[in-house]
Amino acid sequence: MSFLIDSSIMITSQILFFGFGWLFFMRQLFKDYEVRQYVVQVIFSVTFAFSCTMFELIIFEILGVLNSSSRYFHWKMNLCVILLILVFMVPFYIGYFIVSNIRLLHKQRLLFSCLLWLTFMYFFWKLGDPFPILSPKHGILSIEQLISRVGVIGVTLMALLSGFGAVNCPYTYMSYFLRNVTDTDILALERRLLQTMDMIISKKKRMAMTRRTMFQKGEVHNKPSGFWGMIKSVTTSAPGSENLTLIQQEVDALEELSRQLFLETTDLYATKERIEYSKTFKGKYFNFLGYFFSIYCVWKIFMATINIVFDRVGKTDPVTRGIEITVNYLGIQFDVKFWSQHISFILVGIIIVTSIRGLLITLTKFFYAISSSKSSNVIVLLLAQIMGMYFVSSVLLIRMSMPLEYRTIITEVLGELQFNFYHRWFDVIFLVSALSSILFLYLAHKQAPEKHMAP
Amino acid sequence: MASLDRVKVLVLGDSGVGKSSLVHLLCQNQVLGNPSWTVGCSVDVRVHDYKEGTPEEKTYYIELWDVGGSVGSASSVKSTRAVFYNSVNGIILVHDLTNKKSSQNLYRWSLEALNRDLVPTGVLVTNGDYDREQFADNQIPLLVIGTKLDQIHETKRHEVLTRTAFLAEDFNAEEINLDCTNPRYLAAGSSNAVKLSHREEILFKRW
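As they're listed, the protein sequences go chains H and A.
Under full-length UniProt numbering, the first residue of the first sequence is numbered 1, with each subsequent residue one higher.
Under full-length UniProt numbering, the first residue of the second sequence is numbered 1, with each subsequent residue one higher.
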């Protein structure tokens, strides 16, 4: 009886999450495009719904809501469905939509998408070989095999995003790094841009007039075709067409210049807006946060290095450790069990919410930047795949932030994975990502003022 | 030979509707082989004989400014784009016949371009709502072009074409529907070419 009640609660929440994913897709991601294939929207919303359900189950675990056996059942079911989606459905549809875009293969779409999926499965399987993630007692087609590989990919993604985010956040927030941009700079660049456009126009006018006179005189100005045509063009090339190629080259160079100027002007406008924003109250607040985050970022890099160098994996979670410190050093006595439950709920809740929100925002930005009307389906499915893998590995890693008594359910459900390996791998990739982001931002920052000072 | 006066026409529309292919077709009478993303603005020139066949015949160059980007771009991109909207003589609005959103976005595009000229102090009308009155006293001739006609299935054509006819009426503009990969649509003597030259004549009369 209680199982039925629990299941109905779970299903209601899943439907709610599905609806949220659907709305997000329509309002945010696809607001400039037309949804022609509803299957894409369904897959995205389903992936989102099942990922959020996993987080919900963790919260229920901490709070002790629902029957423990029904929780376990739903965990298992949820995990199976998510793996099914991530390993079978989404890659297959990605292959299908990629193949649909290529006109040549249109007829045998299904066949080629199956082939693509088999290639994906092969590489996916091979991914497990270099990593010490499995103990030999697992069979070939068990959940642990699939989860371990999904976990590797997801943890890599998380660490890359974390590393870049940790460095980029103070860089964007702090106004120390803002270059000084005046209105005169912008006007000067705009003038150069318009001058370049004028030069392009005058050259194109010359080309158009030359082409017209050649056409009227009846000269052949098309590209010579065939063997004899090529021989003829070598010996007798009309002076008009030679001129044309010269001018065309000049025009190409000028067009490249105009593109550069356009991008630089956009940069300057963006910097000017940021300078104005930093003078407002909100801007000052973010500036202060930026200093705080930069200290936090340095500390995290330091901790990651220590973890790797000394081969140390934290045994206790921050909540229990914090409570221990408070009890032992500060002498404050309080009910450990009660507080640890509530604090870990709040902490885990914050981690979950910020990671979901951060991921959705990053995905949206990414989508706007790289999608076009042709590739939007493929890109959305790729994003759904990334989102699913990201959330599954968050569950893996969140285990470290929870007190021992709540970790058991994750350990039970996910099986005998080498959790320590995943934390070590996260630290390594985080370090690499953070350091390369610092290098990258430093180079970009150095290069920019020189570019815009050039006459 | 060539007039020193400038005739500037903007080509606006969402990313991927086919503005670059269209401009190439109009100016070079050839199909664009490998279209790629337009960054910033690309210009091309079309030769036009004003009042052909009459003693007042004069050859003009129409500059087609193909501005890239989307309506939802960051405000820094919009400010940069605004530099191209100065002293415009005509606007060509391009939308994709297979994508309804690109037609709806045309209202926002036209507001962006026209507001720049109408209100030189830089204050933009921010509610973004379409207001027919704003177009009623608009002196700049508009032309609405729908692309990718070949990708619409025969059965749906009628419904799509009625919808676009309403669109053109809203703008008080002429409309042309074509396929940029087929030069036949703008061949001399076709109805499309006639509409085009008719619009160009209006352009010159007003200018």
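Rather than coming from a laboratory, the hints here were simulated on the basis of the structure.
The beta-carbon is built from N, C-alpha and C at its ideal position, and this holds for glycine as well.
Hints should not be assumed to be uniformly reliable.
[To be verified] A few chain A positions that, by computed beta-carbon distances, are all more than 10 Å from chain H: (1) 31; (2) 42; (3) 76.
[Unchecked claim] Once the Cα atoms are required to be at most 20 Å apart in a straight line, the calculated EDC-like pairs of lysine to aspartate or glutamate come out as: (4) 78(A) with 427(H); (5) 78(A) with 49(A); (6) 78(A) with 276(H); (7) 446(H) with 129(H); (8) 78(A) with 412(H); (9) 8(A) with 198(H); (10) 100(A) with 49(A); (11) 78(A) with 242(H).
Verification of the hints:
| no. | hint | in the structure |
| --- | --- | --- |
| 1 | 31 | holds (13 Å) |
| 2 | 42 | violated (7 Å) |
| 3 | 76 | violated (4 Å) |
| 4 | 78(A) with 427(H) | violated (41 Å) |
| 5 | 78(A) with 49(A) | violated (34 Å) |
| 6 | 78(A) with 276(H) | holds (17 Å) |
| 7 | 446(H) with 129(H) | violated (41 Å) |
| 8 | 78(A) with 412(H) | violated (54 Å) |
| 9 | 8(A) with 198(H) | holds (11 Å) |
| 10 | 100(A) with 49(A) | violated (36 Å) |
| 11 | 78(A) with 242(H) | violated (39 Å) |
This entry does not satisfy hints 2, 3, 4, 5, 7, 8, 10 and 11, going by the numbered hints stated previously.
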